[in-house]
Amino acid sequence: MTLLHVNDIGHGYRTGGLLARRGWLQVLDGIQLEFKAGESVGLLGSSGSGKSTLARLLLGLETPAHGQVTFAGQDVSRLRGRQAHAFQSAVQLVFQDAPGAFNPQRSIGWSIAEPLRHLSDLDSAARDQRVLTLLQQMGLGEEHAQRLPHQLSGGQLQRANIARALALSPQLVVLDEALSNLDRVLQLQLLQRLEALRRESSTAFVLITHDLSLVRYFCQRVLLLDAGRIVEDRPVDGNLSFDHEVGKQLQAAMLPTRPFKPEAANLRTG
Amino acid sequence: MSVVALLRRPALAGQNSLMIGLVLVSLLALLAVFGQWLAPHDPDLVDLGQRLLPPDSSHWLGTDHLGRDLLSRLIVGTQLSLGSVMLTLALVLLLGLLVGGVSGFLGGKVDLLLMRLCDMFMTFPTLVLAFFFVTLLGTGLSNVVIAIALSHWAWYARMVRGMVIAQRGREYVLASRLAGASRWARLRQHVLPNIAGPLLVLATMDIGHMMLHVSGLSFLGLGVTPPAAEWGVMINDAKEFIWTHPQLLLLPGLMIFFSVMAFNLLGDALRDRLDPTREVH
Amino acid sequence: MEHSTLELQGLRIEGRAGALVEDVDLQLRRGQVCALVGSSGSGKSLTCLGSLDLLPAGLTRTHGQLLLDGQALPAAQVRGRVASLVLQNPRSAFNPVRNMASHAQETLKLRGIGGTAARARMAQCLEAVGLVDRERVLQAFAFQLSGGMLQRMMIALALMAQTPFLLADEPTSDLDALSQARFLDLLMELVQQHGLGVLLVTHDMGVVARCADHVAVMDAGRIVERQTVHGLFERPASTASRTLLDAHQILAGSTP
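Residue numbers (the numbering used here), protein chains in the order written: chain A, 1 to 270; chain B, 1 to 281; chain C, 1 to 256.
Treat the hints loosely; a few may be bogus.
As the list claims (entries may be wrong) - Straight-line C-alpha distance at most 20 Å; calculated EDC-like pairs for lysine to aspartate or glutamate:
#1 A/K36 to A/E195
#2 A/K36 to A/E232
#3 A/K248 to C/D185
#4 B/K109 to B/D119
#5 B/K109 to A/E62
#6 B/K239 to B/D44
Stated by the list, open to error - Which chain A residues face chain B? A few, computed with CB under 7 Å, are given here:
#7 Y13
#8 Q88
#9 G100
#10 F102
#11 H118
#12 L119
Treat the hints as calculated values from the structure; they're not laboratory data.
Bear in mind the structure is a predicted one, so any value in this text is a computation, not a measurement.
Ideal Cβ positions, reconstructed from N, Cα and C, are used throughout, including at glycine.
From just these sequences and the hints, can you work out the full model?
In structure tokens:
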């Protein structure tokens with residue numbers, strides 16, 4: 001079942017202004033995609049490839065200059081009222097910058113419960129219970145619910161961020177470089193939890209990243225984004241190797257598993 | 001950090017500016033509220049036989065040109081001078097928040113319209129505008145308050161709008177939008193609380209400035225009129241005695257000076273404390 | 001080669017809650033990369049900053065000294081003369097209202113180089129780090145350059161300062177995969193060609209595998225393991241290093 005349709009999306013921004021010549025910066029061009037239930041898709045690209053813009057368009061936070069993103073047949077950027085709520089309950093986003101994604105004056109528990117307050121019928125006690133369940137799911141404890149954002153580490157905040165996105169058991173979660181600022185150990189832990197969730201609840205994930213190793217571990221399918229266009233779309237299997245130039249570059253950029261330098265040279269200078 | 005959190009923090013000791021500022025402001029507040037009972041004499045009691053006396057055991061600061069006790073008038077004057085400023089500030093903040101908040105959050109045509117309105121008010125220097133409104137409305141304290149509020153609100157509206165626009169794009173506001181919060185809920189729960197702190201600091205620093213306007217207008221005979229005990233009025237009354245009895249001008253002047261200083265210290269210290277980049281250990 | 005070793009001895013950093021870093025010794029040699037690795041909160045960044053007395057407010061270095069070729073030297077003399085610093089967030093290291101040329105001139109002036117000689121040196125260093133569009137970069141302000149370019153600019157400044165050693169605190173954590181690869185290639189080139197001695201603080205075993213000769217593993221503010229890079233990957237001795245290696249190897253694909 002297709003959850004989100006991306007129909008020939010094109011988007012850009014006006015540049016220039018008072019002191020510079022006006023121009024148009026094309027950020028995305030001719031994007032045609034489908035996201036299906038229970039699937040984990042990787043959206044791979046370097047900075048400037050347009051992936052964050054695509055994330056915002058997928059969630060209806062901006063209206064594309066050209067084309068549409070549709071959910072249940074409706075344009076996501078024009079949803080209002082009940083339809084908007086239905087969409088928000090089904091599709092969620094996790095931001096890259098965890099500290100910025102929380103109101104600095106509100107407790108973590110309050111922020112995580114926000115979607116529950118606006119989009120569900122749960123009463124106060126039920127909401128508190130749900131928040132605790134979500135925290136536990138992400139490896140956080142009861143005590144974290146009362147704390148303020150600045151009292152949690154970056155890794156803990158990002159886990160809370162994901163917990164909030166999962167509050168209403170969405171069908172699709174977009175992770176916009178959500179794991180990029182975390183260390184490897186935490187990245188692995190979170191991907192393992194998300195994979196478990198995918199198997200249990202058929203939650204679909206879109207992992208937007210520049211890190212091929214995460215895609216290789218977690219995703220079933222990968223879309224390669226370069227200069228605003230999808231240049232390759234392939235399943236993730238054993239030896240992931242790309243045809244496109246940018247894909248090859250990203251592969252070559254992967255850090256080695258084992259030490260790069262020959263051992264003999266080390267002994268000589270060491 | 002929120003204003004409430006700031007006030008709840010126990011660690012105020014060692015913060016000199018904040019302490020001094022708070023102490024002075026509290027003293028002024030006390031005087032304003034309990035002035036009538038703290039004043040040793042009736043501030044309006046005219047006794048021409050006792051005029052222009054130097055300080056003595058009965059009149060600690062002496063008397064003015066109409067025989068009224070200076071100390072009592074200074075104390076009671078706090079109510080008018082401070083009270084009117086607070087009222088003005090409240091009005092300015094209300095108007096500024098309303099217009100700036102709506103403008104910044106809704107954007108588009110509403111923003112354009114409201115900002116043009118602000119521009120009209122901002123074209124003139126605040127004092128000139130205040131004069132204009134007083135001329136329109138007439139003299140008297142309430143009109144002075146309205147006049148000064150009307151001449152200042154536009155600057156606050158612009159400031160609030162800037163802050164709101166900055167907050168609007170913050171990711172937690174976007175997260176709130178994705179969580180299904182309405183525009184009003186986002187403005188109320190996320191944007192406004194996070195601008196309250198910096199706004200409070202700016203307002204506190206501006207109190208001094210507004211105090212000078214209120215006293216200034218009263219000094220010019222446009223605000224509070226004699227025989228009311230208000231520091232600006234007192235200075236105006238004592239104009240002719242500047243060479244013979246300078247204390248009649250200096251003392252109310254000093255009250256204004258200390259009030260302005262107190263609020264500036266408070267505002268300064270608040271700004272340092274509310275600085276989000278400050279390390280909290 | 002002059003100035004061949006830089007040692008940090010007995011570093012201890014205290015905050016309000018107690019010691020955050022204790023009893024840390026590190027040795028840097030010219031032409032070699034020493035990686036300081038640990039998970040978040042292990043104290044590795046603090047060690048890097050603390051050794052040069054650049055700690056944030058509220059934290060103090062209560063113990064520790066720097067030795068250049070065995071001679072004790074105060075941190076103030078090491079900074080900028082013996083060792084340069086590259087930070088995780090390059091943007092924060094640049095004055096937002098001054099352009100790159102202005103930063104370069106400041107660095108070169110401290111070395112007593114000015115005028116045309118300075119211009120020539122700037123060109124040389126920018127080329128060495130692969131910033132080819134020289135004039136544009138020099139005229140640019142920090143906000144006009146990408147994170148990757150700013151990191152290279154920091155290395156260029158380090159080259160201009162002609163310091164034999166470089167302390168890099170998670171220099172690639174904020175960069176995307178391609179920029180990271182290019183930066184590390186550059187770093188290794190400089191180590192080999194100019195004999196730069198590097199302390200590379202990182203949480204990523206991939207970076208260690210790519211660059212390091214020696215590795216010191218930190219956990220809870222202490223050094224828990226010291227090995228050559230090969231030794232560490234083959235026979236990790238501490239829990240901390242095993243955890244990091246496992247995660248790295250699973251994600252890098254060698255263990256499913």
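Going down the list of hints, with the structure as the test:
1. About 16 Å separates the Cα atoms of A/K36 and A/E195, which keeps this hinted pair within 20 Å; it holds.
2. Restraint check for A/K36 and A/E232: the C-alpha separation of about 18 Å stays at or below 20 Å, so the hint holds.
3. Among the hinted pairs, A/K248 with C/D185 is consistent with the structure: their alpha-carbon atoms are about 17 Å apart, no more than 20 Å.
4. The straight-line distance between the Cα atoms of B/K109 and B/D119 is roughly 15 Å, inside the 20 Å bound, and the hint therefore holds.
5. Between B/K109 and A/E62 the alpha-carbon distance is near 19 Å, which keeps this suggested pair within the 20 Å criterion.
6. For a cut-off of 20 Å, the pair hint linking B/K239 to B/D44 stands: about 19 Å separates their Cα positions.
7. Look at A/Y13: its Cβ only gets to about 14 Å from chain B, farther than 7 Å, so that hint breaks.
8. Interface hint status for A/Q88: upheld, as the beta-carbon distance to the closest one in chain B is roughly 5 Å, under 7 Å.
9. Nearest Cβ of chain B to the Cβ of A/G100: about 4 Å, under the 7 Å cut. The hint holds.
10. Because the smallest distance between the Cβ of A/F102 and any Cβ of chain B comes to about 5 Å, under 7 Å, the interface hint for this residue holds.
11. The closest approach between the C-beta of A/H118 and any C-beta of chain B is roughly 3 Å, which is under the 7 Å cut-off, so the hint is satisfied.
12. With 7 Å as the threshold, the beta carbon of A/L119 comes within range of chain B, its nearest partner Cβ sitting at about 4 Å, so the hint holds.
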